Amino acid sequence: MARITLSNLAHSYLPQPKSEADFALKEMDHVWDDGGAYALLGSSGCGKTTLLNIISGLVHPSQGRVLFGERDVTLAATAERNIAQVFQFPVVYDTMTVRDNLAFPLRNRGMDAAYVSARVNQIAAMIGMEGNLDRKARGLTADAKQKISLGRGMVREDVNAILFDEPLTVIDPHMKWELRTQLKSLHREFGHTMIYVTHDQTEALTFADKVVVMYDGRVVQMGTPEELFETPAHTFVGYFIGSPGMNLLDAKVDGAVAQVAGQAVPLGAAYGEPTGRVQIGVRPEFVRLSATEGLPATIRRIEDVGRHRIVRAEVAGVAVNAILPEGVSVSPEMTRLVFEPGHVLVYADDWRVRPQGAQIGKAA
Amino acid sequence: MDKTVNQKAWFLVLPVLVLVAFSAVLPLMTVVNYSVNDTFGDNEFFWAGLEWFEEMITSDRLWDAFWRQVLFSGIILAIEVPLGIFIALNMPKKGAWASVCLVLMALPLLIPFNVVGTIWQIFGRVDIGLLGHTLAALGVDYNYTSDAFDAWATIIVMDVWHWTSLVALLCYAGLQSIPQAYYQAAKIDQASRWKTFRYIELPKMKGVLLIAILLRFMDSFMIYTEPFVLTGGGPGNATTFLSIDLVKMAIGQFDLGPAAAFSILYFLVILLVSWVFYTVMTAFDREDQR
Chain Z
0 MARITLSNLA HSYLPQPKSE ADFALKEMDH VWDDGGAYAL LGSSGCGKTT LLNIISGLVH
60 PSQGRVLFGE RDVTLAATAE RNIAQVFQFP VVYDTMTVRD NLAFPLRNRG MDAAYVSARV
120 NQIAAMIGME GNLDRKARGL TADAKQKISL GRGMVREDVN AILFDEPLTV IDPHMKWELR
180 TQLKSLHREF GHTMIYVTHD QTEALTFADK VVVMYDGRVV QMGTPEELFE TPAHTFVGYF
240 IGSPGMNLLD AKVDGAVAQV AGQAVPLGAA YGEPTGRVQI GVRPEFVRLS ATEGLPATIR
300 RIEDVGRHRI VRAEVAGVAV NAILPEGVSV SPEMTRLVFE PGHVLVYADD WRVRPQGAQI
360 GKAA
Chain D
0 MDKTVNQKAW FLVLPVLVLV AFSAVLPLMT VVNYSVNDTF GDNEFFWAGL EWFEEMITSD
60 RLWDAFWRQV LFSGIILAIE VPLGIFIALN MPKKGAWASV CLVLMALPLL IPFNVVGTIW
120 QIFGRVDIGL LGHTLAALGV DYNYTSDAFD AWATIIVMDV WHWTSLVALL CYAGLQSIPQ
180 AYYQAAKIDQ ASRWKTFRYI ELPKMKGVLL IAILLRFMDS FMIYTEPFVL TGGGPGNATT
240 FLSIDLVKMA IGQFDLGPAA AFSILYFLVI LLVSWVFYTV MTAFDREDQR
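Going down the list, the protein sequences come from chains Z and D.
So in numbering that gives the first Met the number 0, the last spot in the first sequence is 363, and the numbers never skip.
So in numbering that gives the first Met the number 0, the last spot in the second sequence is 289, and the numbers never skip.
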């Protein structure tokens, strides 16, 4: 087991990358702590899988270094890195039995037979396949095969890290929850570094201690689920995490006040005078309806989703959502939206602007 | 629910029945007719019962040709299948070289059989052929027209040259269908090259490989043109395979009765082997679905 350091790392699939746009992974420096449970979150094509394959050695980066602990493994082959990886679609050895499939990584490393059989039984119990150990893997359903793939990933105790590349895509929802819980308990038990790629925020937030959000080949934020929710470092994080995502409005910011569509919106802190494309962002959870104060808005509709209601509104032609907690009444005169000042964040060219001086509330 | 019975549906299969009758059943019946009769021409037939079959089944000449044929098919399968797999494994998977390789591999398959025979007939000649002359110059005592071993060697090399591409191309197609993730998983699991082949590539190639073996078996078991052009069945009877022997008997000696019985036995052997193949292949398919 080891800490994983990515130093000055970038990757392009083109042999001669010219501009930044040619890079699937833009230059990055990150440290992944030993024993951490990380989720790598982002939409399709943002470079998640590339980053994962660089860590596992299936892809060699165009520039930069990968360190496991103090050892430079940038050019080391996958086999030398002692890593386990589970892929999006099940990979099983069709002609082998389930038992042989699970034992394969151990036997290839010359482990002792008694240990192999004990370990295989343990993993089989974990993935719920004790009864099928002597069946051929070929005829099994897709989710049974994926469980075998997961089992093969977890069977080695001495791995540096276990990488999961959207492993639960083909699993049905009930089983998903169960397997994720088992991955969590496995993590607690053995303390392997785990990196879990997904585009499902629920999966990411429930699995990981730290969530790494990627956007367009860049890691835009690495933080706890709470940090991602409270203080998204990039507008993409705001929009991608949360349901519905963060509201973003073009604004002109001067000190502790933003001007949106000719109206003043108080901010929880002073931001000076940021330049570029300036936006304010506020989560729907911190927007409320009012009849007397706030920004005038057009209410499009109110959706009742059970626990709460979502107000779909427009301010100066831009969609703004608000979440109404249970028990809050709505009347036809309430056509204004109030943003809680402590939860309004400021973005310049999509990146969060840190407030200056004394701060109020959560924006700190 | 009861099945609807509509006897008129039989009319719908009538065209196929007529077609099959004219293309297969009637010609086959003519052969059957010859095999149970004796004829001296003039469309005059004398009933002979199973006499020709008895004669053929106990004929040393037929059995010799049969074992020669089995040996030939056995040898070329033993060479072409592993060689084809080896070539397929080493062909580039993508890029310009992949296309170049595919075209080069396909070339021998496009040459007509008698031309292949002629090419090797000349190629192997000691007086003017590149191969024969070179071997002679190197001091190898090689002459496919007088030495049985040389004749066999030449025919086998010719067949390998002509048909290994087919096996290679089929295997290549099978290999191309393996998702990259399997190779990546094998690397992560630290599988050796042999284990990757044994547990990933071979199982995925199994279907096409069976077809390749079936095709190569059938073709080699019925081989006629190439050895006929190259050696004419000689020296002596050394390369007289079943179909060459059959033609000699039917057209050379005009023994139509025995030749007809011979054809039917020949046909039954091929039918039997194909049935075995079919059974094995469907058994594999069933296993896949289970």
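FYI, nobody ran anything at the bench for these hints, they're computed from the structure.
There's no promise every hint is true.
Stated by the list, open to error - Anything over 12 Å on all C-beta distances counts as not near chain D; from chain Z, calculated:
{"#": "1", "residue": "Ala-83"}
{"#": "2", "residue": "Pro-89"}
{"#": "3", "residue": "Asp-93"}
{"#": "4", "residue": "Arg-118"}
{"#": "5", "residue": "Met-221"}
{"#": "6", "residue": "Ala-290"}
Stated by the list, open to error - Per the computed footprint, the stretches of chain Z lying under chain D, defined by three or more beta-carbons under 8 Å from a beta-carbon of chain D, are:
{"#": "7", "stretch": "72-79"}
{"#": "8", "stretch": "94-106"}
Just so it is clear, the structure is predicted and the values come from calculations on it, not from any experiment.
Every residue gets a Cβ at the ideal spot worked out from N, C-alpha and C, and that includes glycine.
Are all C-beta atoms of chain D more than 12 Å from that of Met-221 (chain Z)?
-> At about 25 Å from chain D, Met-221 (chain Z) clears the 12 Å cut-off, so the statement holds.
Is it the case that Ala-83 (chain Z) keeps its Cβ farther than 12 Å from each residue Cβ in chain D?
-> Ala-83 (chain Z) is in fact no farther than 12 Å from some Cβ atom of chain D, at 6 Å.
Given as non-interface: Arg-118 (chain Z), which should sit over 12 Å from chain D by C-beta = holds, 14 Å
Beyond 12 Å from every Cβ of chain D: is that where the Cβ of Pro-89 (chain Z) lies?
-> Pro-89 (chain Z) is in fact no farther than 12 Å from some Cβ atom of chain D, at 9 Å.
Annotated coverage of the stretch 94-106 of chain Z by chain D, confirmed only when three residues or more have a Cβ within 8 Å | Holds, because 4 residues of the stretch 94-106 of chain Z bring their Cβ atoms closer than 8 Å to Cβ atoms of chain D.
Please settle this one: Asp-93 (chain Z) was flagged as non-interface, so is its CB more than 12 Å from every CB on chain D?
-> violated, 5 Å
How does the coverage statement for the stretch 72-79 of chain Z fare against chain D, requiring three or more residues with Cβ below 8 Å from a Cβ of that chain?
-> Holds: 3 residues of the stretch 72-79 of chain Z have a Cβ under 8 Å from chain D.
Classify the label on Ala-290 (chain Z) as holds or violated, using whether its beta-carbon is more than 12 Å from each beta-carbon of chain D.
-> holds, 58 Å
The structure does not agree with the numbered hints 1, 2 and 3 stated previously, though it agrees with the rest.
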